[in-house]
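Asks: On the provided structure of chain A, position chain B as indicated by the hints.
Number of protein chains: 2
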Amino acid sequence: MKDESRNPTGSFKDRFCAVAVSKAARAGARTVAVASTGNQGASLAAYAAAAGLGCVVLTLETLPEPLRVAMEIMGAHVVAVPTPADRWKVLREGVEREGWFPVSNYLAPPAGSNYYGIEGYKTIAYEIWEQLGRRAPRAVAVPTCYGDGLYGIWKGFRELKAMGLIEEPPRMIAAEISGWLTRSLEEGKPWEGESAVRSSAAFNLLASRSTWQALAALRESRGEAVQVGEDAILSMQQTLARREGIYGEASGVAALAALGDLARKGQAGEAGEVVAVLTSAGMKDPAATARTLPPLRRAEPTLKAVMGAIP
Amino acid sequence: MKDESRNPTGSFKDRFCAVAVSKAARAGARTVAVASTGNQGASLAAYAAAAGLGCVVLTLETLPEPLRVAMEIMGAHVVAVPTPADRWKVLREGVEREGWFPVSNYLAPPAGSNYYGIEGYKTIAYEIWEQLGRRAPRAVAVPTCYGDGLYGIWKGFRELKAMGLIEEPPRMIAAEISGWLTRSLEEGKPWEGESAVRSSAAFNLLASRSTWQALAALRESRGEAVQVGEDAILSMQQTLARREGIYGEASGVAALAALGDLARKGQAGEAGEVVAVLTSAGMKDPAATARTLPPLRRAEPTLKAVMGAIP
Numbered sequence: 005m006k007d008e009s010r011n012p013t014g015s016f017k018d019r020f021c022a023v024a025v026s027k028a029a030r031a032g033a034r035t036v037a038v039a040s041t042g043n044q045g046a047s048l049a050a051y052a053a054a055a056g057l058g059c060v061v062l063t064l065e066t067l068p069e070p071l072r073v074a075m076e077i078m079g080a081h082v083v084a085v086p087t088p089a090d091r092w093k094v095l096r097e098g099v100e101r102e103g104w105f106p107v108s109n110y111l112a113p114p115a116g117s118n119y120y121g122i123e124g125y126k127t128i129a130y131e132i133w134e135q136l137g138r139r140a141p142r143a144v145a146v147p148t149c150y151g152d153g154l155y156g157i158w159k160g161f162r163e164l165k166a167m168g169l170i171e172e173p174p175r176m177i178a179a180e181i182s183g184w185l186t187r188s189l190e191e192g193k194p195w196e197g198e199s200a201v202r203s204s205a206a207f208n209l210l211a212s213r214s215t216w217q218a219l220a221a222l223r224e225s226r227g228e229a230v231q232v233g234e235d236a237i238l239s240m241q242q243t244l245a246r247r248e249g250i251y252g253e254a255s256g257v258a259a260l261a262a263l264g265d266l267a268r269k270g271q272a273g274e275a276g277e278v279v280a281v282l283t284s285a286g287m288k289d290p291a292a293t294a295r296t297l298p299p300l301r302r303a304e305p306t307l308k309a310v311m312g313a314i315p
Numbered sequence: 005m006k007d008e009s010r011n012p013t014g015s016f017k018d019r020f021c022a023v024a025v026s027k028a029a030r031a032g033a034r035t036v037a038v039a040s041t042g043n044q045g046a047s048l049a050a051y052a053a054a055a056g057l058g059c060v061v062l063t064l065e066t067l068p069e070p071l072r073v074a075m076e077i078m079g080a081h082v083v084a085v086p087t088p089a090d091r092w093k094v095l096r097e098g099v100e101r102e103g104w105f106p107v108s109n110y111l112a113p114p115a116g117s118n119y120y121g122i123e124g125y126k127t128i129a130y131e132i133w134e135q136l137g138r139r140a141p142r143a144v145a146v147p148t149c150y151g152d153g154l155y156g157i158w159k160g161f162r163e164l165k166a167m168g169l170i171e172e173p174p175r176m177i178a179a180e181i182s183g184w185l186t187r188s189l190e191e192g193k194p195w196e197g198e199s200a201v202r203s204s205a206a207f208n209l210l211a212s213r214s215t216w217q218a219l220a221a222l223r224e225s226r227g228e229a230v231q232v233g234e235d236a237i238l239s240m241q242q243t244l245a246r247r248e249g250i251y252g253e254a255s256g257v258a259a260l261a262a263l264g265d266l267a268r269k270g271q272a273g274e275a276g277e278v279v280a281v282l283t284s285a286g287m288k289d290p291a292a293t294a295r296t297l298p299p300l301r302r303a304e305p306t307l308k309a310v311m312g313a314i315p
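As they're listed, the protein sequences go chains A and B.
Under our numbering, residues 5 to 315 are what the first sequence spells out, in order.
Under our numbering, residues 5 to 315 are what the second sequence spells out, in order.
Pulled out of the complex, with its shape left as it was, chain A reads as follows (with noise of 0.2 angstroms):
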């Protein structure tokens, strides 16, 4: 596993936010703004406050509230607007009338997001590769809604195996919620349909259609899609706590709940050494948590009750 949900917004996010909030400050850009309800605009909060720019949040109602005091504390302006396509449609308007820096896509149909932040994508390639005493594992299982962060990992790798540091590059894996990368391989294009996943508690994974840039990732490495369903995710969110003390998003665990699929559907062997990317940290949107938990145990002062309340 590769922890990312210790960096210093708690996501992955941070590597993409560090590289695209230097790139609009050299660009001499006053003002960043980012569509999100989530990690990306929280990380990106940090990097414009430190870099000393204004940053504007375009997001939805149902931004978890730890997230958006996050974002607001560190001087975003945060603004939820209707639907998830309004906050493209405003982003680009400011991007286009107000000279606002983007930081995620504010294109339709989706193109990806800012390409100078998925670069910072890559240092976890980098990192994956020192850390295994420099070679690239047989398989990368990423968490994927839009497949920035998948796509700029395979780049990584590929830029690996370009400067002879590598063989091969490792197959990548896309732990996803909609099935559209499933059936973007099996058509060989990006898919628009309709998602049946209307709402998850990995909600960060929630895509309106799939990209041509995740697709490929996938494509290149001979990758595959997986398919994760809400309760293998939550499941693999209390097994990481309770076997390792990590406490991971549920977006986050998206590619160890999806191995954990493939090894039973014994599928896992084929791979050989296969890192995934624990991409957020949970204390982001402990509501979602909570609904797997019951309420708060109360007992009187003596240990008899005490033990009597605990399980």
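Keep in mind that a hint or two might mislead.
For chains that are exact copies, the list does not tell them apart, and a pair is met inside one copy or across any two.
Said to hold, decoys possible - Subject to a maximum C-alpha distance of 20 angstroms in a straight line, what follows is the list of computed SDA-like cross-link-like pairs (lysine to any residue):
hint	residue 1	residue 2
1	LYS27	GLY233
2	LYS308	PRO86
3	LYS308	ALA89
FYI, nobody ran anything at the bench for these hints, they're computed from the structure.
Replies: Frame of chain A; chain B shown alone:
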């Protein structure tokens, strides 16, 4: 600033629990237990999970929900009892009758915490020394409740001096909210009166009295205590977040707030190079921060409406 908010569970308690849980496992304990409404419980839950030990957290109803969720998803048994003193009473019973390995105080009056765990804080001193190029600062400020961290960090510097690695250990500055250590220094013994501070966003610093070890760290280092007010803490939390992109817990930024107070009084100059320890990340108690922020802004999906919603 020494940033301890990026430890595995987001607080300096991870230094403590890494050592305390290792000791518990070596001593053959099957269950570790703690009286905590905050970071120590979350940290203990994580290290106990990783070590395969059971974990009991005796807490209060005021426990922030994100911390409860983190503890329980990691397998800890969390039980609220009516009063702060009840936690110590039940913990003592559990230690004596159930063989729980205690990782917090369970005596009245409080006598400091698990002394193996406190050794873990010494690594903060070692790292400050290393990060400053193998020397000690003139002063180190630490957010202080019962003073485990203050004392442990002081002990680390004292031992660096004993090993001949530094000339002079730093003056220790306790950032407190109760005012007890200030009184204790005046009177030369731990202060046992009642505090006027009953609630605070920095609730992790609410101590029911002061301890000998905190007083020892201050006296031996010719240090001082600074009583920090609620406004100074909340203001520093926002300043740190907006300037640096670091969202610290209210309790965690108390040392920075104390240095701000000293600077305003013109007393910071005497100290020379000063390190403030940021002890904890803010994501664990966003509700306290939310009270300082307006509610989520909403706008129709036009740039004009969004710009109008931004202050």
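Asks: Which numbered hints are broken by the structure, listed smallest first?
Replies: As far as the earlier hints go, only 1 is violated by this structure.
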